[in-house]
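Please model the complete structure; the sequences and the hints are all you need to start from.
Same order as they appear, the protein sequences are chains U and R. Per the working numbering, residue 1 is the first one in the first sequence, and the count goes up by one each step. Per the working numbering, residue 1 is the first one in the second sequence, and the count goes up by one each step.
Any given hint could turn out to be false.
As the list claims (entries may be wrong) - Some, not all, of what chain R presents toward chain U, calculated at C-beta under 7 Å:
{"id": "1", "residue": "65"}
{"id": "2", "residue": "90"}
{"id": "3", "residue": "99"}
{"id": "4", "residue": "102"}
{"id": "5", "residue": "105"}
{"id": "6", "residue": "118"}
{"id": "7", "residue": "128"}
{"id": "8", "residue": "130"}
Because the hints were derived from the structure by calculation, they are not lab data. The C-beta atom is built at its ideal place from N, Cα and C for all residues, glycine as well.
Protein chains: 2
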Amino acid sequence: MTAAAVQVLHEHGYRATPQRLLVLAAVGELRHATPEQILAHIHQTSPGVNLSTVYRVLEVLEDVDLVTHAHIGSGSATYHATDGPAHLHFRCGGCGRVQSLPAIIAEPFVQQVRERLGFHADVTHAGIDGRCRECAATQEQP
Amino acid sequence: MTAAAVQVLHEHGYRATPQRLLVLAAVGELRHATPEQILAHIHQTSPGVNLSTVYRVLEVLEDVDLVTHAHIGSGSATYHATDGPAHLHFRCGGCGRVQSLPAIIAEPFVQQVRERLGFHADVTHAGIDGRCRECAATQEQP
DNA sequence: GTATATGCAAAGGGTTTGCACGGTT
DNA sequence: AACCGTGCAAACCCTTTGCATATAC
Chain U
1 MTAAAVQVLH EHGYRATPQR LLVLAAVGEL RHATPEQILA HIHQTSPGVN LSTVYRVLEV
61 LEDVDLVTHA HIGSGSATYH ATDGPAHLHF RCGGCGRVQS LPAIIAEPFV QQVRERLGFH
121 ADVTHAGIDG RCRECAATQE QP
Chain R
1 MTAAAVQVLH EHGYRATPQR LLVLAAVGEL RHATPEQILA HIHQTSPGVN LSTVYRVLEV
61 LEDVDLVTHA HIGSGSATYH ATDGPAHLHF RCGGCGRVQS LPAIIAEPFV QQVRERLGFH
121 ADVTHAGIDG RCRECAATQE QP
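And the structure:
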């Protein structure tokens, strides 16, 4: 898969640098990671990489559609690979855990919004806040 | 209504200061305003008010449930009064306009998420990105 | 060899905090 | 009169940017 990524980068006129492949690998392994988390993961094996590089690399990887980000909660954006089908992000305000569901389940909703406002909603871009089963049960506060 | 707000503040042990009433009024008039926008509005009549006060006041007003905020797009949170029924926010990535719909239309979706994950989704807290009718038609880029 | 990426450090926006003064109760 | 709330300034986090060096092509 890393070979495929090199391919994609080249096709878009980008160079395949170690940092770019490291970030891509980290995103793939972590699923839903912030830039800081990605850097921390990379530092376990490659301590030299810089945070600003992670930001710049993520921009490139989004441009070539290997990665997307979603705004979840109030903190940093979280990045994830665009390998599988589009999905929604549910972030628990109690424990911070992020769960996913295929984006298709929101289709009736998206359809209704389009009918009523003419608005084309991208439900994958923003995470949805709430409480996971466990935290809802234990009434934890955020 | 400002008298009612004074009442609510007092009930929660907060003082009814001019700044708090100014912020509440601004939020009511502006609908969907960022802290900066709220401050700008207030400065038209009361130039002395400080931005950090706006932040602190918004925190208080949220605590007593006179105001809520939603994260829309990548910028600052936007605040709005909790007078009407809960609603969803749709932000156009083309023109930046924010439209609303009653939150009830998302109930089937919320229900389905609860069934499949046990997750209690708060769909009002995060704005939904997309394209409004006009911008979707003209294919504008963000 | 050349243009692009990186590391570093500094700047930038938005938000929070410490402190002394001022205002509400 | 007591205490809470404000203004101001500085600190803070996250993200972006300028520049010289390093590196993929």
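Hint by hint, here is what the structure shows:
1. For residue 65(R), the interface hint is violated, the least distance from its beta-carbon to any beta-carbon of chain U being 15 Å, above 7 Å.
2. Annotation: residue 90(R) was flagged as interfacial toward chain U, and the flag holds, the nearest CB pair being 5 Å apart, inside 7 Å.
3. Taken as an interface hint, residue 99(R) checks out: its beta carbon lies about 5 Å from the nearest beta carbon of chain U, inside 7 Å.
4. Given hint, residue 102(R) at the interface with chain U, is violated; its Cβ is 10 Å from that chain's nearest Cβ, farther than 7 Å.
5. Evaluation of the residue 105(R) hint against chain U yields a held restraint, the C-beta minimum of about 6 Å falling below 7 Å.
6. The closest approach between the C-beta of residue 118(R) and any C-beta of chain U is roughly 3 Å, which is under the 7 Å cut-off, so the hint is satisfied.
7. Look at residue 128(R): its Cβ gets to within about 5 Å of chain U, closer than 7 Å, so that hint holds up.
8. The interface hint given for residue 130(R) holds, since its Cβ lies 4 Å from the closest Cβ of chain U, which is under the 7 Å cut-off.
Of the hints listed earlier, those the structure fails to meet are numbers 1, 4, in rising order.
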